[in-house]
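Protein chains in written order, with my numbering: chain A, 1 to 57; chain B, 58 to 427.
Where hints are given, some of them may not hold.
Stated by the list, open to error - Straight-line Cα separation of at most 30 angstroms, DSSO-like style, residue types lysine-lysine; simulated pairs:
#1 B:Lys371 <-> A:Lys5
#2 B:Lys371 <-> A:Lys52
#3 A:Lys5 <-> B:Lys60
Just so you know, these hints were derived from the structure itself, not from any lab. These numbers were taken from a predicted model, which means no experiment stands behind them.
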Amino acid sequence: MNISKVINSRDELTNDVMGYIVTIDSQDFGVPLDTANRHYQAIQEWVAEGNKIEDAD
Amino acid sequence: MTKAAELAKMGEVLTNSQIGGRRNIVINGGMQISQRSTSETGKGDADGYFTLDRYKINVGATSAGRFTMSQSTDTPNGFGNSLKIDCTTADTSIAAGERLTIDHRIEGQNLQQVKKGTSDAEKMTISFYAKVVGSATDFVVDLMDNDNTRQVSNLFTFTTSWVRYYWTIPADTTGAFDNDNANSLNIQFWLHGGSNFTSGTLNTSWASSTDANRAVGIDSIFSSTDNEIYLTGIQLEVGSQATPFEHRSFGEELALCQRYYQWIPKYAFMVAVEAGTTTMRGGVGLPTNMRANPTIGSHNLTRYDDDDNTFSNKTPVVFSNSSSDNQSDPEAGGQSGHLALAYNSIMSGGTDNHNVTTLFGTKASLDAEL
Numbered sequence: 001m002n003i004s005k006v007i008n009s010r011d012e013l014t015n016d017v018m019g020y021i022v023t024i025d026s027q028d029f030g031v032p033l034d035t036a037n038r039h040y041q042a043i044q045e046w047v048a049e050g051n052k053i054e055d056a057d
Numbered sequence: 058m059t060k061a062a063e064l065a066k067m068g069e070v071l072t073n074s075q076i077g078g079r080r081n082i083v084i085n086g087g088m089q090i091s092q093r094s095t096s097e098t099g100k101g102d103a104d105g106y107f108t109l110d111r112y113k114i115n116v117g118a119t120s121a122g123r124f125t126m127s128q129s130t131d132t133p134n135g136f137g138n139s140l141k142i143d144c145t146t147a148d149t150s151i152a153a154g155e156r157l158t159i160d161h162r163i164e165g166q167n168l169q170q171v172k173k174g175t176s177d178a179e180k181m182t183i184s185f186y187a188k189v190v191g192s193a194t195d196f197v198v199d200l201m202d203n204d205n206t207r208q209v210s211n212l213f214t215f216t217t218s219w220v221r222y223y224w225t226i227p228a229d230t231t232g233a234f235d236n237d238n239a240n241s242l243n244i245q246f247w248l249h250g251g252s253n254f255t256s257g258t259l260n261t262s263w264a265s266s267t268d269a270n271r272a273v274g275i276d277s278i279f280s281s282t283d284n285e286i287y288l289t290g291i292q293l294e295v296g297s298q299a300t301p302f303e304h305r306s307f308g309e310e311l312a313l314c315q316r317y318y319q320w321i322p323k324y325a326f327m328v329a330v331e332a333g334t335t336t337m338r339g340g341v342g343l344p345t346n347m348r349a350n351p352t353i354g355s356h357n358l359t360r361y362d363d364d365d366n367t368f369s370n371k372t373p374v375v376f377s378n379s380s381s382d383n384q385s386d387p388e389a390g391g392q393s394g395h396l397a398l399a400y401n402s403i404m405s406g407g408t409d410n411h412n413v414t415t416l417f418g419t420k421a422s423l424d425a426e427l
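Chain A with its partners taken away, still in its complex shape (with noise of 0.2 angstroms):
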């Protein structure tokens, strides 16, 4: 698994982080905040590695 990027998706109106938009392999996947989603697991280990998740613009 691949991640090259990933992009917190947050409620419009309580800018609340609701999941995350990650992009793996070039393609685009939603992911939730669940610590038994295996895309969450590899998430945090990318982030442990020193990656940062951003904002969107």
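Since the structure of chain A is provided, determine the placement of chain B on it from the hints.
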């Protein structure tokens, strides 16, 4: 086998309660279900689920070797499909950390009958059909207990004909499987491995995992582009006898797979509400409750309101009320048979609290695999 031996085996099967109820712990053992794709080329550079449901390709340090993974119709009598790995780019310079395994991952809550980690721990038996083409014939099957980092392996020599192979796995009184929806047991077919995994002594009894002891003696599927391997009829059951493969109907097997992966189909309608000017929230019913909140693939969507707006490659996330607990609500996340979606800040021209009807222009993948 003599009649007396047959009767003795039958008695053992009855004693172990191997007759009656569902026996096979493996899902899609007959390789019937392939929701993602029936054939993918150029694999070997990354982990992932590419073709047959529930079978994950796992690689370590990237090998130059590449393969095609497909759902084949080359089978032993009585089966419709097999899993085929066909080497398309050879790699005979094997770095220490390279590996290629086909993994089947099992939730702990589906393994409690094994009684692992107790004094009553049960033996398990794995059986499968296999055949090879080419010079690579020796491969390892490895069971990894992910909850306790314990492991056991067995080396098999395959031939050019379909043969059913059996392995009775010793009972393990150390380390119980967690009773939850996480990955507790990983069945791994080792097709390629560097010295990090092959330089020790094959670990044929349950023990703390040592990488060097996991795949000793294997050939490499990447040794030649002539190499192919076929697998089907994979069955893991409690007890010391391999019973006949438990054939399940296509519909049953599909439903079992949909717990881990399914699609919102093309042309599905979704009633939604605009929340603010750029956000939309909606929900769809699912045929099967999912294991965990799923990852959602990008898709095209048409929003029918005053204007018919078509949105391409939009990616929602599972709806959650708040990030305060840093968790999406399982009730909204497909684990209840309903999936609530939030398309955050990716629309335009919305009106807060307006109802809209939407249409999926392409199907959307839902992935809750282990």
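Hint by hint, work out which the structure violates, then give me just those numbers in ascending order.
-> 3
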